[in-house]
Amino acid sequence: MTDTSRPQPKAASGCALALLCAALVIVCGCVPYSSARMGNALSLAILNQDDPETVRDGAPAFLLLADSFIEASPRDPSMLAAGAKLYAVYSALFAPSADRATRLAERARQYGNRALCASLPTLCDLSAMHHEEFERQLAKAEVNAVPALNAFVVGNLAWIQARRGDWNALADLPRLQSALERIVALNERYDNGSPHVYLGILHTLRPPSLGGHPELGRKHFERAIEISKGRDLGAKVAFAAGYARLMYDRELHDRLIAEVLAADPREKGLTLLNTMAIRRARQLAATADSHF
89 MTDTSRPQPK AASGCALALL CAALVIVCGC VPYSSARMGN ALSLAILNQD
139 DPETVRDGAP AFLLLADSFI EASPRDPSML AAGAKLYAVY SALFAPSADR
189 ATRLAERARQ YGNRALCASL PTLCDLSAMH HEEFERQLAK AEVNAVPALN
239 AFVVGNLAWI QARRGDWNAL ADLPRLQSAL ERIVALNERY DNGSPHVYLG
289 ILHTLRPPSL GGHPELGRKH FERAIEISKG RDLGAKVAFA AGYARLMYDR
339 ELHDRLIAEV LAADPREKGL TLLNTMAIRR ARQLAATADS HF
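Each residue of the sequence shown is one higher than the one before, counting from 89 in the numbering used here.
Each hint should be verified, as a subset may be incorrect.
In silico DSSO-like pairs for lysine-lysine, Cα to Cα no more than 30 Å straight-line [to be verified]:
id, residue 1, residue 2
1, 317, 307
2, 317, 356
3, 228, 307
4, 307, 356
To be clear, the hints were calculated from the coordinates, so they are not data collected in a lab.
Let the sequences and hints guide you as you build the complete structure.
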């Protein structure tokens, strides 16, 4: 059945054209608006959307706009960070094929690395840098570098996710963990506490017998939920999928999933991700009996 409430292709392309024309006016300088502010506005517009299909259909136009703003300000860490986040979200959630996801995630990674370089010039030549030197330079980062550090992490995590099964891609995980720990040390509340969620996931990738630290991961998940006051539903889903399933804690798993399924996904900056978290929670609920 056709959903007549959604824009049909011709109408949707007309909306995209209008957006593009408005953006070109801004880029040409006819409207006083910085590229960084526009990039952040684009990110927020997508993250506040409660219809993932609308984002899936319309996001490519926003990605091209982000590219154009970065072309205009190639060393603007705020714009690069916004581009990294946009590409990471789209590659992880909406890319129509594995090949597309890989290409989009590569762009997310490039923008994240460039954001880090623009904010912390001593961390530009990452490919030639040993981990010990990376940590020494990372220790010099101050709170104003947090957005760039976060973009570096998000872009590289998207790149790793797009290369599932490629063990070489996992070689960057220690570096990403160090960056996340530095973000938490500088501003643990950044992005609703999402650095804690990422650390929770990293620490629950393996059981204790294989070198994992699930109890440390649990603390990170719980802190993330506390920081967002429970409004970041993705933190609860990650807690259930990572820690509760790894440790076979059915009671915790079912409680977290029930809380997510009963929640209103609408929250500034989280609506899209919350909507996707609810979909994931339904999948976890449906497979709980077979897992436990």
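We went through each hint and held it up to the structure:
1. A threshold of 30 Å between alpha carbons decides the hint, and for residue 317 with residue 307 the separation of about 15 Å falls inside it, so the pair holds.
2. Restraint check for residue 317 and residue 356: the C-alpha separation of about 13 Å stays at or below 30 Å, so the hint holds.
3. A C-alpha spacing of about 26 Å is found between residue 228 and residue 307, which places the hinted pair at or below 30 Å, so the restraint holds.
4. Simply put, residue 307 and residue 356 have alpha-carbon atoms about 25 Å apart, close enough for the 30 Å limit, and the pair holds.
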